[in-house]
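Engineer: The residues making up each chain are set out below.
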Amino acid sequence: MSDPMRIRAQVQGSGAIVRVLMSHEMETGLRKDAAGKTIPAWHITEVTAALNGKTVLSAQWGTAIAKNPFTQFTVKGAKAGDKITISWVDNHGDKRTDEATIA
Amino acid sequence: MRAIVLLGALVAAAGPAPAQTSTADGIAQYRALLADGNPAELWEAKGEALWKQPRGPKSASLEACDLGKGPGVVKGAFVELPRWFADTQRVQDLESRLLSCMQALQGFDAAAIAATPFGKGEQVNIEALVAYVSAASRGLRFNLPQSRAEERQMYEVGKRVFHFRAGPYDFACVSCHGEAGKRIRLQDLPNLTINPGDGVGFAAWPAYRVSSGELWGMQRRLNDCYRQQRFPYPGYASDATIALGVYMGVQAKGAQSSAPSIKR
Numbered sequence: 075m076s077d078p079m080r081i082r083a084q085v086q087g088s089g090a091i092v093r094v095l096m097s098h099e100m101e102t103g104l105r106k107d108a109a110g111k112t113i114p115a116w117h118i119t120e121v122t123a124a125l126n127g128k129t130v131l132s133a134q135w136g137t138a139i140a141k142n143p144f145t146q147f148t149v150k151g152a153k154a155g156d157k158i159t160i161s162w163v164d165n166h167g168d169k170r171t172d173e174a175t176i177a
Numbered sequence: 612m613r614a615i616v617l618l619g620a621l622v623a624a625a626g627p628a629p630a631q632t633s634t635a636d637g638i639a640q641y642r643a644l645l646a647d648g649n650p651a652e653l654w655e656a657k658g659e660a661l662w663k664q665p666r667g668p669k670s671a672s673l674e675a676c677d678l679g680k681g682p683g684v685v686k687g688a689f690v691e692l693p694r695w696f697a698d699t700q701r702v703q704d705l706e707s708r709l710l711s712c713m714q715a716l717q718g719f720d721a722a723a724i725a726a727t728p729f730g731k732g733e734q735v736n737i738e739a740l741v742a743y744v745s746a747a748s749r750g751l752r753f754n755l756p757q758s759r760a761e762e763r764q765m766y767e768v769g770k771r772v773f774h775f776r777a778g779p780y781d782f783a784c785v786s787c788h789g790e791a792g793k794r795i796r797l798q799d800l801p802n803l804t805i806n807p808g809d810g811v812g813f814a815a816w817p818a819y820r821v822s823s824g825e826l827w828g829m830q831r832r833l834n835d836c837y838r839q840q841r842f843p844y845p846g847y848a849s850d851a852t853i854a855l856g857v858y859m860g861v862q863a864k865g866a867q868s869s870a871p872s873i874k875r
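In order, the protein sequence lines correspond to chains A and B. When you number the first sequence by my numbering, it's gap-free, plus one each residue, and the end is 177. When you number the second sequence by my numbering, it's gap-free, plus one each residue, and the end is 875.
Looking at chain B on its own, in the form it has when it is part of the complex:
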């Protein structure tokens, strides 16, 4: 009897450990193979064309859009978002800022685009724009401004949202992203309460999802996180999602952006 129990304990202790290492190696190898031909490049090219193309009721391009570093400056803008914008009097992330520009410059209805399901209508174009803008900051390090009270407030709000436990599973973001070495099936879960490192976590999105063949921005990433937690869906470009972006972005200070990266 004792021998059986002991054997059981041995199997439990020895079993998963080597498999885990080889699985992680296998995934790393698979990712390396994929990274060479990241289809996110297709979105980057499409986004660049969309940025310069006169569109919308006002038939204007987005080249006068201020992403935080002055009108039309794309390079380096992504690693300083979300930030406070004087014209909208809001802290905005990339997607909500693009919505503002599309409304102000091109005459699109931002609320209608925000209500459009992912992968449909103008949301498709936002995916491409997000890929283009984030790619212009590839390799740069996150450095979100926290000089304004509004930005610091959003950080505190984001921290609370991140730790807010609710829903039928009594889940919070921190349930999965609160310590290192956790994973869901084969996906490593970065610890987002600290800086998880270069090109990991916040610094890896937007990304191309191989499994669905889609490019996901941070808004869609968060939307799906909430689906997995069985929470109600957060509003697109809502303050709660932006606050989470500020929290994760500030935690990731100094991390190198690899966006748009490639994910399973």
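Bound-form chain A, shown alone:
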């Protein structure tokens, strides 16, 4: 079971700025462990953000993204009290969705 994301969403100008911290190993599949065996790839492949249920961002991620990734974006037209939902799917098929209210 994955750990929850930390989402901060604040009104900025005519939209909102959203900052997300995700907890994920983001293993590239290129590293080897102490025994010399390749550590299998394990990383987020897809990230989506929705504002009140409507998708506003969709991204394909790969091995170049760091461990415990941080992502930041702005949503035009978002208002205080709106719900922002972030979801990710990794290459194991694990999913995680967390929600925050824009402040």
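In case anyone wonders, no lab produced these hints; they're calculated from the structure. Warning: the hint list may mix true and false statements.
[Unchecked claim] EDC-like, lysine to aspartate or glutamate: derived pairs with alpha carbons at most 20 Å apart: (1) A:Lys-106 to B:Glu-825; (2) B:Lys-731 to A:Asp-107; (3) B:Lys-731 to A:Glu-101; (4) B:Lys-874 to A:Glu-99; (5) B:Lys-874 to B:Asp-636; (6) A:Lys-141 to B:Glu-652; (7) B:Lys-731 to A:Glu-99.
[To be verified] Derived Cβ-Cβ restraints for the label pairs, each shown as a range: (8) B:Ser-786 to A:Thr-102: 35 to 45 Å; (9) B:Glu-674 to A:Thr-129: 32 to 42 Å; (10) A:Thr-171 to B:Gly-778: 45 to 55 Å.
Because the structure is a prediction, the values reported are computed rather than measured. No residue lacks a Cβ here, since even glycine has one placed at the ideal position from N, Cα and C.
Starting from the structure of chain A, add chain B where the hints point.
Structural biologist: Chain B alone, transformed into the frame defined by chain A:
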């Protein structure tokens, strides 16, 4: 011949200085960018959940744990550690105190956890707890108690350990941390024999290490310092490491804690 020698001296004198300033600026910029999304927050959240969750053979939470300001008081506890505890009759730092609480309240085997390698088993949970407890004192100023003879003794012991030269490199903590303006590669080394300032040195740990994606408490920090000095590894939560904590903590009196911070 003389011209060549002179040219050599000029290059040596002028060469590193501007590069050093721009490097330091570059690092400062990089740190500022990182600080906004410090993944230590993930450990803080996990630690808070662990603190309140009934765990261990006794299925108890840590909410009755006394970190020095009374049972269950987390805020402000970190900046007064290490300190003397009456129940264990020891001066303890945060990690050793957590071990005591986990044994007394939750029924864990503290010695077994201390012997567990970093990043494995219950050590992972201690990292999260350390992040949570230190975050509750973020922005507060270090003020270690020195009212008891035991605490003052630990300070003196820590001072000696800090200055103790040994090992194949004939190194001591003070070799690197004894004067300002030194660095290892790109890392500035704080002078820990004085108060190095707000959020520097002792006041910057625990911290998230970007290079390894791990959260390091003071125990792991010290363990790695000793590895770099080619010393034998100090015991986890041993009196020597706690004495060093007392020494650095007392020197840092009045410095604002930025823990858990973010490091390269």
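Engineer: Each hint: holds or not?
Structural biologist: Hint-by-hint comparison with the structure:
Restraint check for Lys-106 (chain A) and Glu-825 (chain B): satisfied, since their Cα atoms lie roughly 18 Å apart, inside the 20 Å limit. Distance check on the hinted pair: Lys-731 (chain B) and Asp-107 (chain A) sit about 15 Å apart at the alpha-carbon level, within 20 Å; holds. For the proposed pair Lys-731 (chain B) and Glu-101 (chain A), the alpha carbon gap of about 18 Å is at most 20 Å, so the pair holds. Pair hint Lys-874 (chain B) plus Glu-99 (chain A) holds up; C-alpha atoms about 18 Å apart against a cutoff of 20 Å.
A threshold of 20 Å between alpha carbons decides the hint, and for Lys-874 (chain B) with Asp-636 (chain B) the separation of about 15 Å falls inside it, so the pair holds. Among the hinted pairs, Lys-141 (chain A) with Glu-652 (chain B) is consistent with the structure: their alpha-carbon atoms are about 14 Å apart, no more than 20 Å. Taking the CA atoms of Lys-731 (chain B) and Glu-99 (chain A), the gap is near 15 Å; set against the 20 Å cutoff, the hint holds. Against the hinted window of 35 to 45 Å, the Cβ-Cβ separation of Ser-786 (chain B) and Thr-102 (chain A) comes to about 37 Å, which satisfies the hint.
Restraint check, Glu-674 (chain B) to Thr-129 (chain A): a C-beta distance of roughly 41 Å satisfies the suggested window 32 to 42 Å. For Thr-171 (chain A) and Gly-778 (chain B), the hinted distance range of 45 to 55 Å is satisfied, since their beta carbons lie about 51 Å from each other.
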